[in-house]
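Asks: Position chain B relative to chain A; hints supplied.
Protein sequence lines correspond, in order, to chains A and B.
FYI, the numbering for the first sequence is 3 to 262, going by my numbering.
FYI, the numbering for the second sequence is 430 to 679, going by my numbering.
No wet-lab data here; the hints were simulated from the structure.
A portion of the hints provided could be inaccurate.
So the derived label-pair ranges between C-beta atoms look like this [unchecked claim]:
id, chain 1, residue 1, chain 2, residue 2, range
1, B, Ser-543, A, Phe-66, 47 to 53 Å
2, B, Gly-597, A, Ala-6, 48 to 54 Å
3, A, Phe-66, B, Asp-484, 48 to 54 Å
4, B, His-504, A, Val-158, 26 to 32 Å
5, B, Ala-549, A, Val-158, 34 to 40 Å
6, A, Val-259, B, Ser-543, 17 to 23 Å
7, A, Gly-46, B, His-502, 22 to 28 Å
8, B, Gly-442, A, Gly-115, 30 to 36 Å
9, B, Leu-611, A, Ile-50, 39 to 45 Å
10, A, Thr-240, B, Ser-443, 35 to 41 Å
11, A, Ala-6, B, His-504, 53 to 59 Å
Note that the coordinates shown come from a computational prediction; the quantities given were computed from them, not determined experimentally.
Note that CB positions come from ideal geometry on N, CA and C, so glycine has one too.
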Amino acid sequence: MRRALEAPVAAVGRKALGLTAGFGRFGAFVLSAGRALPDVGVWGRLVIIQMARLGVASLPIALFIAGFTGIVLALQASYTFTGAVPLYFVGALVGKTMILELGPVLTGLALAGRVGANIAAEIGTMRVTEQIDALETLAYDPLSYLVVPRVLASIVMFPAVVAFANVVGVGGGWITSINLLDLSTPQFVRGLRLFFEPFDVQYSLIKAASFGFAVSSIGCFFGFTTQGGAEAVGKATTQAVVVSSMLILVLDAFWAVTLL
Amino acid sequence: MSIELAGVSKAFGSKVVLDGIDLEVHDQETLAVIGASGSGKSVLLKTIVRLIEADAGRVSVDGQDVRSLSREHLHELRRQIGYVFQFAALFDSMTVFDNVAMGLRRSGEMTDASIRQRVAESLLLVEMDGYESRLPAEISGGQRKRVGLARAIATRPKYLLYDEPTSGLDPVTTAVIDDLILRMARELSVTSVVVTHDMQSAYRVANRIAMLYSGLIRYSGTPDEIRATDDPIVKGFIEGRPDLLQGAAA
Numbered sequence: 003m004r005r006a007l008e009a010p011v012a013a014v015g016r017k018a019l020g021l022t023a024g025f026g027r028f029g030a031f032v033l034s035a036g037r038a039l040p041d042v043g044v045w046g047r048l049v050i051i052q053m054a055r056l057g058v059a060s061l062p063i064a065l066f067i068a069g070f071t072g073i074v075l076a077l078q079a080s081y082t083f084t085g086a087v088p089l090y091f092v093g094a095l096v097g098k099t100m101i102l103e104l105g106p107v108l109t110g111l112a113l114a115g116r117v118g119a120n121i122a123a124e125i126g127t128m129r130v131t132e133q134i135d136a137l138e139t140l141a142y143d144p145l146s147y148l149v150v151p152r153v154l155a156s157i158v159m160f161p162a163v164v165a166f167a168n169v170v171g172v173g174g175g176w177i178t179s180i181n182l183l184d185l186s187t188p189q190f191v192r193g194l195r196l197f198f199e200p201f202d203v204q205y206s207l208i209k210a211a212s213f214g215f216a217v218s219s220i221g222c223f224f225g226f227t228t229q230g231g232a233e234a235v236g237k238a239t240t241q242a243v244v245v246s247s248m249l250i251l252v253l254d255a256f257w258a259v260t261l262l
Numbered sequence: 430m431s432i433e434l435a436g437v438s439k440a441f442g443s444k445v446v447l448d449g450i451d452l453e454v455h456d457q458e459t460l461a462v463i464g465a466s467g468s469g470k471s472v473l474l475k476t477i478v479r480l481i482e483a484d485a486g487r488v489s490v491d492g493q494d495v496r497s498l499s500r501e502h503l504h505e506l507r508r509q510i511g512y513v514f515q516f517a518a519l520f521d522s523m524t525v526f527d528n529v530a531m532g533l534r535r536s537g538e539m540t541d542a543s544i545r546q547r548v549a550e551s552l553l554l555v556e557m558d559g560y561e562s563r564l565p566a567e568i569s570g571g572q573r574k575r576v577g578l579a580r581a582i583a584t585r586p587k588y589l590l591y592d593e594p595t596s597g598l599d600p601v602t603t604a605v606i607d608d609l610i611l612r613m614a615r616e617l618s619v620t621s622v623v624v625t626h627d628m629q630s631a632y633r634v635a636n637r638i639a640m641l642y643s644g645l646i647r648y649s650g651t652p653d654e655i656r657a658t659d660d661p662i663v664k665g666f667i668e669g670r671p672d673l674l675q676g677a678a679a
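If we strip away everything but chain A, and leave its shape as in the complex, we get:
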């Protein structure tokens, strides 16, 4: 009996130790990247390129998700409120939910797939094909050249993409309300302004910036630590997406507890 229990407990222990060591390595990696920040000459111009690649190129998917989320929110709100709550509250629910939660979180999760996978696969491939070693032999710090521009670009661009997603999401709810529900534009706007606080926007953008940091730094970390060949790159990419998606939800809860 005792022996039967030992194996699973030992397995859990090993897993916990592995996770702790992984967090330690990730922390050390982020600190090393932080030490590369003064190397502006290397990462300066690359940030703009990464802002376009990681941020601007992500807009279509983020806006697509936000638009349809806004439509569904309006319809579900109307379905829930019927007869009990005035219909103009649809504007309040769409605005509040989109800006506080669904805009940043759904965009974050979509970008964890797109941006996180892109970063991990690219850097992982560079690792296994010795391109990162080649950078080092040419006297470049790979952290300055590869990590810092991606992380900074993500911290700047995630909030920008989320801001657009919030607008499109609310816009989707508004168009649905005036076309499919018995609601006018002034009624929708009345509801929208009812509980709106400027802090909501700050909260949304702070969350988005933290998601940008999490997704990009985790993508870089798994890419950098890739060992082996194509299979290892695939594994690193999957791990980056899974871990950054989980971290987005953890950060979401963290900001709700600390800021609301």
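Replies: The following block gives chain B in isolation, referenced to the frame of chain A:
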């Protein structure tokens, strides 16, 4: 002494790859390091530029202890060393021109015009002029190796380290790469270390050949000396005779 390794050890987990190795590379010499696949040749080369950290021992380049250099000083030293990778390791999102210009841009001391001129000179040296705007995916394996060599020599280094420069190439392209190694040594007066398991290449390009076996330098001598050796391990390797290797190991 331009490159010196003294008592250098490196293990990956329980697998000891370098076991207290001693090796000297003299000024303007071309040393070929031979040995079986997995014997640690590439690890040896990477410890010289600290792409891999040695566990113990002293690695010295130009009298500087590579293992104790700060990040900044290591970068300065690396500007003196050109490294040619086994599979070229070209940056696949950049053109041939940008690949070769990478090291030159890093120094921040050259104008765009002088970078263009140096890139053109380097590509001409490896007979790859006219390929500036191609991407690595658009050229052959042999051409990629030549561009990798152009990138390594663009900064006019004092040392050139070649990691399996002819592996996977046909005999004609191998001869072209060997000629380039000889030309670089002659025209740029560099000190070279060539890691290879291609004996014909080693005989052609090297002034001296060292054989790595069981984590140690088993033999070191001129191409003529190594041909004449009666060490069964060395003889078994250079003549491709597993019977000699197995007999000696037993």
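Asks: Work down the list of hints and note, for each, if the structure agrees.
Replies: Now the hints, each set against the structure:
For Ser-543 of chain B and Phe-66 of chain A, the Cβ-Cβ distance of about 48 Å falls inside the hinted range of 47 to 53 Å, so the restraint holds. Taking the beta carbon of each, Gly-597 of chain B and Ala-6 of chain A are about 52 Å apart, inside 48 to 54 Å as hinted. Our hint of 48 to 54 Å for Phe-66 of chain A and Asp-484 of chain B holds, since their Cβ atoms are close to 52 Å apart. Range check, His-504 of chain B to Val-158 of chain A: Cβ separation about 28 Å, and the 26 to 32 Å hint holds.
About 38 Å separates the C-beta atoms of Ala-549 of chain B and Val-158 of chain A, a value consistent with the hinted range of 34 to 40 Å. Our hint of 17 to 23 Å for Val-259 of chain A and Ser-543 of chain B is violated, since their Cβ atoms are close to 57 Å apart. The supplied range of 22 to 28 Å is met by Gly-46 of chain A and His-502 of chain B, whose beta-carbon atoms lie about 23 Å from each other. The supplied range of 30 to 36 Å is met by Gly-442 of chain B and Gly-115 of chain A, whose beta-carbon atoms lie about 34 Å from each other.
Checked against the hint of 39 to 45 Å, the pair Leu-611 of chain B and Ile-50 of chain A passes, with Cβ atoms roughly 44 Å apart. In this structure the supplied range 35 to 41 Å is violated for Thr-240 of chain A paired with Ser-443 of chain B, their Cβ-Cβ distance being about 29 Å. At roughly 56 Å, the beta carbons of Ala-6 of chain A and His-504 of chain B sit within the given window of 53 to 59 Å.
Going through the hint list in order, the structure does not satisfy hints 6, 10.
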